[in-house]
Amino acid sequence: AQSVTQLDSHVSVSEGTPVLLRCNYSSSYSPSLFWYVQHPNKGLQLLLKYTSAATLVKGINGFEAEFKKSETSFHLTKPSAHMSDAAEYFCVVRVSYDKVIFGPGTSLSVIP
Amino acid sequence: DAGVTQSPTHLIKTRGQQVTLRCSPKSGHDTVSWYQQALGQGPQFIFQYYEEEERQRGNFPDRFSGHQFPNYSSELNVNALLLGDSALYLCASSGGALAKGNEQFFGPGTRLTVL
Numbered sequence: 077a078q079s080v081t082q083l084d085s086h087v088s089v090s091e092g093t094p095v096l097l098r099c100n101y102s103s104s105y106s107p108s109l110f111w112y113v114q115h116p117n118k119g120l121q122l123l124l125k126y127t128s129a130a131t132l133v134k135g136i137n138g139f140e141a142e143f144k145k146s147e148t149s150f151h152l153t154k155p156s157a158h159m160s161d162a163a164e165y166f167c168v169v170r171v172s173y174d175k176v177i178f179g180p181g182t183s184l185s186v187i188p
Numbered sequence: 049d050a051g052v053t054q055s056p057t058h059l060i061k062t063r064g065q066q067v068t069l070r071c072s073p074k075s076g077h078d079t080v081s082w083y084q085q086a087l088g089q090g091p092q093f094i095f096q097y098y099e100e101e102e103r104q105r106g107n108f109p110d111r112f113s114g115h116q117f118p119n120y121s122s123e124l125n126v127n128a129l130l131l132g133d134s135a136l137y138l139c140a141s142s143g144g145a146l147a148k149g150n151e152q153f154f155g156p157g158t159r160l161t162v163l
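Heads up: the protein sequence lines correspond to chains A and B, in order.
Each step along the first sequence adds one to the number in our numbering, with nothing skipped, and position 85 is 161.
Each step along the second sequence adds one to the number in our numbering, with nothing skipped, and position 25 is 73.
These are computed hints drawn from the structure, not numbers from a lab.
One should not assume that every hint holds.
Sample of chain B residues lacking proximity to chain A, with all beta carbon distances greater than 12 Å (derived) [claimed, not checked]:
1) LYS61
2) GLY64
3) VAL67
4) GLY76
5) THR79
6) PRO91
7) ARG103
8) PHE117
9) SER121
10) LEU129
11) LEU131
12) LEU138
13) ASN150
As a list, the in silico EDC-like pairs of lysine to aspartate or glutamate whose alpha-carbon atoms are at most 16 Å apart [stated by the list, open to error]:
14) LYS125(A) to GLU142(A)
15) LYS125(A) to GLU140(A)
16) LYS125(A) to GLU151(B)
17) LYS175(A) to GLU151(B)
18) LYS148(B) to ASP78(B)
19) LYS148(B) to ASP161(A)
20) LYS61(B) to ASP133(B)
21) LYS125(A) to ASP84(A)
22) LYS118(A) to GLU164(A)
23) LYS175(A) to GLU102(B)
24) LYS118(A) to ASP161(A)
By construction, the Cβ of each residue, glycine as well, lies at the ideal position given by its N, Cα and C atoms.
One chain only, chain A, in its complex shape (with noise of 0.2 Å):
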């Protein structure tokens, strides 16, 4: 069955630290990967995609995710965390020619 796993629901980092956002995906179709961010009361915002170029993906804001076909993940990271990073991330993955699904989601939280 085609899925996509976010194994933290919630994580919490100190302001200036190393975000890590973790995501598993199973696919049977050629994988288009994406990570999306919610900020409460707007809507969703693409970070970055993957589309089977590069393997390593720089996306807006500093976040980048690395494309693992052996692990089937595609984890988001980001150097330095910022308040404004604070939010509800997405990752997805393209289940067909034109559909995706979303996994349930991390909430990150950034300590001052």
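Use these hints to put chain B onto chain A, whose structure you have.
For chain B alone, coordinates are given in the frame of chain A:
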């Protein structure tokens, strides 16, 4: 460019009623997808419209129906509302197939509360 817009922003209904939510896609986009996001969960795919037809559908009952107009805007209709239909309903538009690397742009959502 206004991006994806949705109306209304909030809505309160009672069980058994019917509701219609509206979405205008980003300029230049022809594909509209609808998602339901229950509190504390990730968005769940409801269906997708392209060329005024439902092209894909998620695991939602027939109480959920939709429509796309010639100007690419779309409506989501839910009949016989249940308490469990309370959620944030998100609309997303794209300018082509996701398989070709196109991105979905999301609207701010409509918060539906069923009492």
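Unmet hints by their number, sorted upward, for this structure: 5, 6, 7, 12, 13, 19, 21
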